[in-house]
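So the chains spell out like this:
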Amino acid sequence: MKINVNVQNSLSASYTTDLSKEKTILETKNVDLCYVPQVKTLKNVTIQIPEKKVTAFIGPSGCGKSTLLRCFNRMNDLIPGISMKGLISIDGIDIYSPEIKLEELRKKVGMVFQKSNPFPMGIWENVAFGPKVNGIKEKAELDEIVESALIQADLWNEVKDRLNNSALDLSGGQQQRLCIARALANKPEIILMDEPASALDPISTSKIEETIDELRENYTIIIVTHNMQQAARVSDYTAFMMTGEMVEFNATSKLFTNPEKKLTEDYITGRFG
Amino acid sequence: MKKIITFWKKGDSYILLTAGGLLFSLAMVIFMISIILIKGFASFYANDVAEIKMKDNSIYLAEILETEEVVLQSESGKTYNQKQINIKIANRDIFDQDFKWINSNEISKIEYPQNVTVFERWEYGNLIAYVKNLNYNGKVYQTRDKDFWDIFSSAFEKSEENKSEKENLEEELNDVLSPISEIQREISLMEINFPWKTKEIEKLKQQEEILQAEINSQIEQLNQKIEQKVIENSEIYATVQAGDGTEITLPLEKVYRFYRPNDMNFISKSGLYLTRIWEFLVEEPRESNTEGGVFPAIFGTVMMVILMSIAVVPFGVLAALYLNEYAKQGFVTRLIRLAIANLAGVPSIVYGIFGLGFFIYFLGGTIDQLFFSSKLPEPTLGTGGILWASLTLSLLTLPVVVVATEEGILAVPKANKDGALALGATKWQMIRKIVLPNAMPGILTGVILAISRGAGEVAPLMITGVVKLAPTLPFDTTFPFFHLDRKFMHLGFHIYDVGFQSPNVEASLPMVYTTALLLIFIVITLNLSAIFLRNYLRKKFKTSAF
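Residue numbers (our numbering), protein chains in the order written: chain A, 945 to 1217; chain B, 6 to 551.
In case anyone wonders, no lab produced these hints; they're calculated from the structure. Treat the hints loosely; a few may be bogus.
The list that follows gives simulated cross-link-like pairs (lysine-lysine, PhoX-like), each with its CA atoms no further than 25 angstroms apart [as the list claims (entries may be wrong)]:
id : chain 1 : residue 1 : chain 2 : residue 2
1  : A       : Lys-1059  : B       : Lys-438
2  : B       : Lys-432   : A       : Lys-1131
3  : B       : Lys-545   : A       : Lys-1083
4  : B       : Lys-438   : A       : Lys-1052
5  : B       : Lys-168   : A       : Lys-1059
6  : A       : Lys-984   : B       : Lys-438
7  : B       : Lys-171   : B       : Lys-259
8  : B       : Lys-432   : A       : Lys-1052
9  : B       : Lys-438   : A       : Lys-1104
10 : B       : Lys-438   : A       : Lys-1131
11 : A       : Lys-1081  : B       : Lys-58
12 : A       : Lys-1076  : B       : Lys-259
13 : B       : Lys-333   : A       : Lys-1076
14 : B       : Lys-438   : A       : Lys-1045
15 : B       : Lys-105   : B       : Lys-58
16 : A       : Lys-996   : A       : Lys-967
17 : A       : Lys-1059  : B       : Lys-545
18 : A       : Lys-1029  : B       : Lys-333
19 : B       : Lys-259   : A       : Lys-1083
Pulled out of the complex, with its shape left as it was, chain B reads as follows (with noise of 0.2 angstroms):
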């Protein structure tokens, strides 16, 4: 007993007091980053599919996902443990779902047949069954054929040369098109506007006829050519069976991908994860964001940090400059550091609206009419776009920047700084010389808790740009090359959009876990390299030992 009164008296309980708090913390964050992780990489594995036979006779075939036991209640009231099974079935156009529960009390029999093939789609998500028969180049081909798959692959490779080449075609149409639906844009606004210039219209008129007549001819070649693509695609495709014994007929042109699992090594297994990894690093998305890629989302999340830390970082420092070199110290001061410590506590979406009222609507309205009046009522930049969605973000992490920034400015020697005004160095000589290089360190730690706070912020985005898909990526190669005025995609948007909006949340939750673990990476990515920068700067700048 005394032992334990001394133990409490000489405080040794807040050692463990203190080590637990760190250790739950630490916990915590493991658990999180792990759950991520292991959730996030396992997600590109192609799974084996079993053959699971019920003892009603039905069949299912279905990648086993998890096994879960569940607490259920027997008609006389007693409960009992029931052991139940998920599996993707995935065919979503003929079970209406992709997933399922079983009962593993149900199950006779499962198998790993070697010849399941899943397809994934363009459309509808995977389609897991048995390869019956090809279409291809006017004959059947049996599984049982001699170089069945080689076929198979190359029946495959057709079809989608064939759709890449429909689709340089409709371009191409597109292009030829475009001079007449310009005149068509040109009337229509005319007949809205001014509708008693007659004479003008009707010389438009004229116009769009003469160019009609022009390019009649080539419209009808490009047609042809489209229609002779789309039948030749049509005559290629397989017969498939999926579990349940339903035969489909599965046009070539409308499968992404196709493989074996069951008959792949670990080797091709791991190649097609790591191709995996690349298409979702670098490709679009699919099937409302739940499939394919998310290169616009890193590309949106990347530019806007950038953007965002080049319209904070000047201002914050230049702000920070003047508050601590310039002004007179006293109340006012005082009042101000004050605000800007409190502005980092306003929640963030006071911001989001704070730049929806001023940037969109005001600034961005106001610019519309200036210089953009021919477009209205259509905004060009009176909506949300990129631009207005960074200097919102900009906003939010200035007080970052002017704090850090401010603490990197105090921590410059005095001595350092009186020696050059004593060389007869100006102020802003002296700042730009001595003060600001040595400040970097501390400016560079603003912007590592910018970027951290700005790249994981989603609520002030979806008001002022975010969407769920964009069209087009902010930057492309016709001038001015980057299109600020242009909304975009965001990961943090994209894990809230594709986890909790889309229609089927469960087919899409690997998404969810692997823009999270992306986003944490280039999170960590952007902050990695402003530390390295920092450390060497500081190397750099290391104060006298002496």
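Bound-form chain A, shown alone (with noise of 0.2 angstroms):
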């Protein structure tokens, strides 16, 4: 597939914006999700997250964004009577396939949640809770780490003094950057964020765009977001996506300003959704 980039220079110039020279880290091929039997939330879902790059998904409620999202790192399989099929793999191998341990996946498969969701304990507990329950146990070490992910989420400053205060008592930015420091504490290759600044105020939502803007150099990022000017201006590739189905997934630039299909321009300009 070529893609024919007219608008390059438009949106978010500096990034390459051809998918076909991308790396691709996480694929999936064919995928069909089943809440309730016989009512297919995803359907035929075929995409290519290319690798230290922003995917955003967008599109209407109930399109099954989230869903895809939550495939990635298994987050599914907790409700009772789902059925999928069809392959994801991440780095080629099968995330489906019984050899994969489950919370290996989820340590390379970081993920934020729409509402901040900081574990009752300290700022410092929260950060190091995934290295801890991953096995590393020296202080000294988990000290840095906590250090080196609240840096990246650019929260350090913050925070740096009340360590080990509540993390409830910070305020719903900052708690939504302590999950993104928390998931980063765990050294992923991909982070999953599903709506993350959807509950926030527009200080704290820049801030949080700000942050990811931060890790797209090191990190792959796939985020879920019902708001198009943030897709337009965080990802480097976008996924539209309705009734479970992958209708285009195109650089930002382009799906923006040139979408293929008829279905995405209706969508980006507001005649539904």
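Both chains are given apart, each in its own frame, so use the hints to dock them into the complex.
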């Protein structure tokens, strides 16, 4: 698939936006998913997510973008009665094969949820939670990990003097960045973000977007968002989904200025959704 | 009229109705608690003793307790009101009863003489009398003598000292005798079980004789000393005169405490009051539980509740965890939940019977046969004891703990659980680090409810190990310190036993009130400590306000 990029300079000019030249890290092939038997939430989804880029999933509510996201770290496994067909692989390895250890996968694929969910413990404890459950015991090593994760999440300067305070005393935006730091502490390859700023005020949102911008060099980020401006601002590639189907996946600049599909155009111009 | 109709239609009447319901319930609770409080605390107070002269010239020395008006019928068929007074005449050994109702019309005079003395005795309850004289050190002291009461006190101390010395000597004697009784027991066991081993029996008998010869002089000496103490104490006695003029010789070693209530001021009475409360809490019961303290019952109750909590909490929490976190939700889990909820409604005596049949006869009996067969037919664990009673109660309170823990677990935000799993935690790590700490307030609620239910339960205990009077506490300084096979005393059973099974119900009434008060107090204390702990944890784990 060759994509013709006409409007490359109009948006995020510095990014490469040729999908075919990207190295694929995560790939799905013909994924079908049913929460209830016979009702397909995902229909034949095939997508190749590029490495160390920000990929945004957009689409109307209930289109299955969050569901697809949760397939990538197998959070959907917890839901009773769910069934999935098709292939999802990371670095060419099928993540649904029985040899895959769930804990290893989730260490590799971090997740930030829509509602910030810091644990009711200290800030340090929150960030160290992941490394700790994954077997790191030494305090010095943990300290180092916590510090670097908090720095990457742009939170270090705000909390470095009160690492033992309860995480619940932080503001909403800080809590969400703490959750990002918590995911980063596991040194993941991929970070899944499920509408990470949907419950935040504009200032906190822009801080989160800045954080994402800083992380794009080292991590593959997949972000689900309702906010099309946000998708346009932060992502390199955007996938538009509707009623469980992958309608269009393209460079963000292309998708928002010159979509290939009529449906995409209708959606981004606000004719529905 | 219209107003009334609108009043009903608007539903304002239901405000009154609901408020009335609440008021009624509150009033009943307050009424009950205040009765127990007043009666319980009043019973420690040293009442003044009145000398009541009757019109027929009989005299009572007694505490006036209450006045009651009764309706009587005269010979002509007319009814009339009559005031009656309940007095505590004490002196059970003389008058056969402690209490008496007298007719207030027949009283000619009531006085409060200074020199009336109340003796609390080790046996037969109180003695109220005038002291005539005292025999001490071979001399006779009269009441009018100078320093009479100081001498009386020192005589009393001396007799107490003698008594405790005598008890120590007796204990010593027991220790000396114990190897012999051990051998004698062995001989009798051999003779019953292996009568053909005559050689061994002979050998044991020889050993016994040697031992006997060795310690004979020691025994002789100890017996002499004891004898001496007995004689010494028999020479310390007071002559007292009861209200009706009977003279009694009262050896002071039979006295537990004496005081002259009419001669006491408020401060010394308060002192006596506090001393009595203290004694009630720390001493052993006397006189088939109607007097003395309730310490063994307090100890038994608290220890049983703690044992029960230790047994029930881990099981209840684990069961609830499995039911909520691991089990596949569906028909079976619903059925199990229903069964657990219903278990909470099973009458407690049914649990008691189950405990008797399963724990004591089956488990205890089997353990006895396997490990304590040398002591059979005397049961070790095959009889009621604090262990089996606690286990029975933990079974009884298990549903409460399971249900409360489940609620606690359900209250843990799913976002936190997902968050932990998304960070690569295993399910057990997630449960241990997220679910359990967050569910702790719920678990503690379960513990609180279990304690409230368990501490007040009596029926199942009566057949699984509670006794009227336990000779020893279930805890002492000999290895292994906690003797879970021992029978124990319990405040709830104490109330039942003293109040309804004692030969002298009226004399033991104060004991019933004070024990009830204490039981309520202990339950409240246990509950409060659990509630404080829960609130502390709640604060710590308050969920995000965001």
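Against the structure, the hints come out as follows:
A C-alpha spacing of about 20 angstroms is found between Lys-1059 (chain A) and Lys-438 (chain B), which places the hinted pair at or below 25 angstroms, so the restraint holds. At most 25 angstroms may separate the alpha-carbon atoms for a hinted pair to count; Lys-432 (chain B) and Lys-1131 (chain A) meet this at roughly 21 angstroms. Our distance criterion of 25 angstroms between C-alpha atoms is met by Lys-545 (chain B) and Lys-1083 (chain A), whose separation comes to about 23 angstroms. Between Lys-438 (chain B) and Lys-1052 (chain A) the CA atoms are separated by roughly 21 angstroms; this keeps the pair inside 25 angstroms, and the hint holds.
With a C-alpha separation of about 77 angstroms, the suggested pair Lys-168 (chain B) and Lys-1059 (chain A) falls outside the 25 angstroms cut-off, and the hint is violated. Note on Lys-984 (chain A) and Lys-438 (chain B): the hinted pairing is violated, with a Cα-Cα distance of about 36 angstroms set against a maximum of 25 angstroms. Under the criterion of a C-alpha separation no larger than 25 angstroms, the hint pairing Lys-171 (chain B) with Lys-259 (chain B) is consistent with the structure, at around 14 angstroms. The straight-line distance between the Cα atoms of Lys-432 (chain B) and Lys-1052 (chain A) is roughly 17 angstroms, inside the 25 angstroms bound, and the hint therefore holds.
Restraint check for Lys-438 (chain B) and Lys-1104 (chain A): the C-alpha separation of about 24 angstroms stays at or below 25 angstroms, so the hint holds. With a C-alpha separation of about 21 angstroms, the suggested pair Lys-438 (chain B) and Lys-1131 (chain A) falls inside the 25 angstroms cut-off, and the hint holds. About 88 angstroms separates the Cα atoms of Lys-1081 (chain A) and Lys-58 (chain B), which puts this hinted pair outside 25 angstroms; it is violated. Restraint check: the Cα-Cα separation between Lys-1076 (chain A) and Lys-259 (chain B) comes to about 70 angstroms, which exceeds 25 angstroms; the hinted pair is violated.
With a CA separation close to 29 angstroms, the supplied pair Lys-333 (chain B) and Lys-1076 (chain A) exceeds the 25 angstroms bound. Using a Cα cut-off of 25 angstroms, the hinted pair Lys-438 (chain B) and Lys-1045 (chain A) holds, with the two alpha carbons roughly 20 angstroms apart. At most 25 angstroms may separate the alpha-carbon atoms for a hinted pair to count; Lys-105 (chain B) and Lys-58 (chain B) meet this at roughly 14 angstroms. Pair hint Lys-996 (chain A) plus Lys-967 (chain A) holds up; C-alpha atoms about 9 angstroms apart against a cutoff of 25 angstroms.
With a CA separation close to 21 angstroms, the supplied pair Lys-1059 (chain A) and Lys-545 (chain B) stays within the 25 angstroms bound. With a CA separation close to 23 angstroms, the supplied pair Lys-1029 (chain A) and Lys-333 (chain B) stays within the 25 angstroms bound. Using a Cα cut-off of 25 angstroms, the hinted pair Lys-259 (chain B) and Lys-1083 (chain A) is violated, with the two alpha carbons roughly 70 angstroms apart.
The structure fails hints 5, 6, 11, 12, 13, 19 (numbered hints given earlier, in ascending order).
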